[in-house]
Amino acid sequence: MRLLLIASTFLVFQVGAQSLAKLGPLPSIEVLKEGELEASIKRGVDYLIGKQNKDGSWGGPTRTKGLNIYAPVPDSHLAFRTGASTLALSGLLDSGDRRPEVVAAIKKAEAWLFKKLPKLRHLDPTTTYNVWGHAYGLRAIADLYVYRTGDEAKLSRLKQLAAKQIE
1 MRLLLIASTF LVFQVGAQSL AKLGPLPSIE VLKEGELEAS IKRGVDYLIG
51 KQNKDGSWGG PTRTKGLNIY APVPDSHLAF RTGASTLALS GLLDSGDRRP
101 EVVAAIKKAE AWLFKKLPKL RHLDPTTTYN VWGHAYGLRA IADLYVYRTG
151 DEAKLSRLKQ LAAKQIE
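All letters in the sequence shown, in the order written, are residues 1 to 167 by our numbering.
Because the hints were derived from the structure by calculation, they are not lab data. Small disclaimer: the values here were computed from a predicted structure and weren't measured. Beta carbons are placed, not taken as given, at the ideal position from N, Cα and C, and that holds for glycine. Don't take each hint at face value.
Within a straight-line C-alpha distance of at most 16 angstroms, the following computed EDC-like cross-link-like pairs (lysine to aspartate or glutamate) qualify [said to hold, decoys possible]:
{"no.": "1", "residue 1": "Lys115", "residue 2": "Glu30"}
{"no.": "2", "residue 1": "Lys119", "residue 2": "Asp75"}
{"no.": "3", "residue 1": "Lys116", "residue 2": "Asp75"}
{"no.": "4", "residue 1": "Lys107", "residue 2": "Asp143"}
{"no.": "5", "residue 1": "Lys107", "residue 2": "Asp55"}
{"no.": "6", "residue 1": "Lys54", "residue 2": "Glu101"}
{"no.": "7", "residue 1": "Lys51", "residue 2": "Asp124"}
{"no.": "8", "residue 1": "Lys42", "residue 2": "Asp124"}
{"no.": "9", "residue 1": "Lys108", "residue 2": "Glu38"}
{"no.": "10", "residue 1": "Lys115", "residue 2": "Asp75"}
{"no.": "11", "residue 1": "Lys116", "residue 2": "Glu30"}
{"no.": "12", "residue 1": "Lys107", "residue 2": "Asp151"}
{"no.": "13", "residue 1": "Lys107", "residue 2": "Asp124"}
{"no.": "14", "residue 1": "Lys42", "residue 2": "Asp94"}
{"no.": "15", "residue 1": "Lys119", "residue 2": "Glu167"}
{"no.": "16", "residue 1": "Lys119", "residue 2": "Glu101"}
{"no.": "17", "residue 1": "Lys154", "residue 2": "Asp143"}
Simulated DEER-style distance windows between Cβ atoms [what the hints assert, rightly or not]:
{"no.": "18", "residue 1": "Asp46", "residue 2": "Val73", "range": "28 to 34 angstroms"}
{"no.": "19", "residue 1": "Lys33", "residue 2": "Val146", "range": "28 to 34 angstroms"}
{"no.": "20", "residue 1": "Asp46", "residue 2": "Glu167", "range": "36 to 42 angstroms"}
{"no.": "21", "residue 1": "Pro100", "residue 2": "Pro125", "range": "19 to 25 angstroms"}
{"no.": "22", "residue 1": "Asn68", "residue 2": "Glu38", "range": "22 to 28 angstroms"}
{"no.": "23", "residue 1": "Leu26", "residue 2": "Val73", "range": "43 to 49 angstroms"}
{"no.": "24", "residue 1": "Lys65", "residue 2": "Ala153", "range": "39 to 45 angstroms"}
{"no.": "25", "residue 1": "Lys65", "residue 2": "Ile6", "range": "46 to 52 angstroms"}
{"no.": "26", "residue 1": "Pro100", "residue 2": "Val146", "range": "16 to 22 angstroms"}
{"no.": "27", "residue 1": "Gln160", "residue 2": "Lys33", "range": "42 to 48 angstroms"}
{"no.": "28", "residue 1": "Asn68", "residue 2": "Val146", "range": "26 to 32 angstroms"}
{"no.": "29", "residue 1": "Ile6", "residue 2": "Arg157", "range": "52 to 58 angstroms"}
{"no.": "30", "residue 1": "Glu34", "residue 2": "Ser95", "range": "32 to 38 angstroms"}
With the hints as extra help, turn the sequences into a complete structure.
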């Protein structure tokens with residue numbers, strides 16, 4: 001059995017090495033100029049701020065590209081919006097950008113998160129979209145926890161919100 005495992009592993013590595021050799025040399029990568037990365041992040045942050053809904057969320061069920069997507073209402077819509085909103089919120093927090101308009105967007109998104117995330121449930125056994133909302137919601141909660149360091153009242157609320165996501 002052990003010999004079979006060793007032979008199988010060797011075969012996998014041989015096939016993988018041959019496939020890589022067929023790719024040829026890797027293309028050269030242009031080095032970023034000073035400030036390009038920061039400017040790119042700022043453009044992304046500005047885009048997110050510009051696309052934030054008035055209620056603090058992001059996304060909505062209106063731009064489906066004409067596709068029929070199985071999404072039982074109302075829970076699937078909340079699940080998708082929660083996933084999109086918490087990813088956007090994490091992006092703002094991870095950017096490190098603390099311009100006043102970014103701080104305001106984070107505050108709106110945080111308020112939306114506290115209001116809507118507790119309502120996210122799994123209602124239909126044929127869909128699991130809520131998993132995205134809970135998983136990305138936990139990521140955003142963790143990011144907010146770091147962002148809100150020192151605000152004990154807010155940290156306590158974030159802990160409670162996180163605990164409800166894994167009950």
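Right, here's what the structure says about each hint:
1. Lys115 to Glu30: Status violated; Cα separation ~45 angstroms.
2. Lys119 to Asp75: holds, 9 angstroms
3. Lys116 to Asp75: holds, 11 angstroms
4. Lys107 to Asp143: holds, 13 angstroms
5. Lys107 to Asp55: Judged against 16 angstroms, a Cα distance of about 11 angstroms means the pair holds.
6. Lys54 to Glu101: holds, 14 angstroms
7. Lys51 to Asp124: At roughly 30 angstroms apart (the allowed maximum being 16 angstroms), Asp124 and Lys51 break the hint.
8. Lys42 to Asp124: violated, 39 angstroms
9. Lys108 to Glu38: Violated - the C-alpha atoms of Glu38 and Lys108 are around 24 angstroms apart, more than 16 angstroms.
10. Lys115 to Asp75: holds, 15 angstroms
11. Lys116 to Glu30: With Cα atoms ~43 angstroms apart, Lys116 and Glu30 exceed 16 angstroms; violated.
12. Lys107 to Asp151: Satisfied, since the Cα-Cα distance of roughly 14 angstroms is no more than 16 angstroms.
13. Lys107 to Asp124: Violated: Lys107 and Asp124 sit about 32 angstroms apart, past 16 angstroms.
14. Lys42 to Asp94: Holds. Lys42 to Asp94 sits at ~12 angstroms (cutoff 16 angstroms).
15. Lys119 to Glu167: Holds: Lys119 and Glu167 sit about 13 angstroms apart, inside 16 angstroms.
16. Lys119 to Glu101: With a Cα-Cα distance of about 28 angstroms, the restraint between Lys119 and Glu101 is violated, given a limit of 16 angstroms.
17. Lys154 to Asp143: holds, 13 angstroms
18. Asp46 to Val73: 28 to 34 angstroms: holds, 32 angstroms
19. Lys33 to Val146: 28 to 34 angstroms: holds, 30 angstroms
20. Asp46 to Glu167: 36 to 42 angstroms: holds, 37 angstroms
21. Pro100 to Pro125: 19 to 25 angstroms: violated, 45 angstroms
22. Asn68 to Glu38: 22 to 28 angstroms: Because 41 angstroms falls outside the window, the suggested range is violated.
23. Leu26 to Val73: 43 to 49 angstroms: holds, 47 angstroms
24. Lys65 to Ala153: 39 to 45 angstroms: Given a distance of about 43 angstroms, which is inside 39 to 45 angstroms, the answer is holds.
25. Lys65 to Ile6: 46 to 52 angstroms: With Cβ atoms ~49 angstroms apart, the hint holds.
26. Pro100 to Val146: 16 to 22 angstroms: The hinted range 16 to 22 angstroms holds for Pro100 and Val146, with Cβ atoms some 20 angstroms apart.
27. Gln160 to Lys33: 42 to 48 angstroms: Holds, at about 46 angstroms.
28. Asn68 to Val146: 26 to 32 angstroms: violated, 40 angstroms
29. Ile6 to Arg157: 52 to 58 angstroms: The hint (52 to 58 angstroms, Cβ to Cβ) holds, given that Ile6 and Arg157 are roughly 54 angstroms apart.
30. Glu34 to Ser95: 32 to 38 angstroms: At 18 angstroms between Cβs, range violated.
The structure fails to meet hints 1, 7, 8, 9, 11, 13, 16, 21, 22, 28, 30 from the earlier list, while all remaining hints are met.
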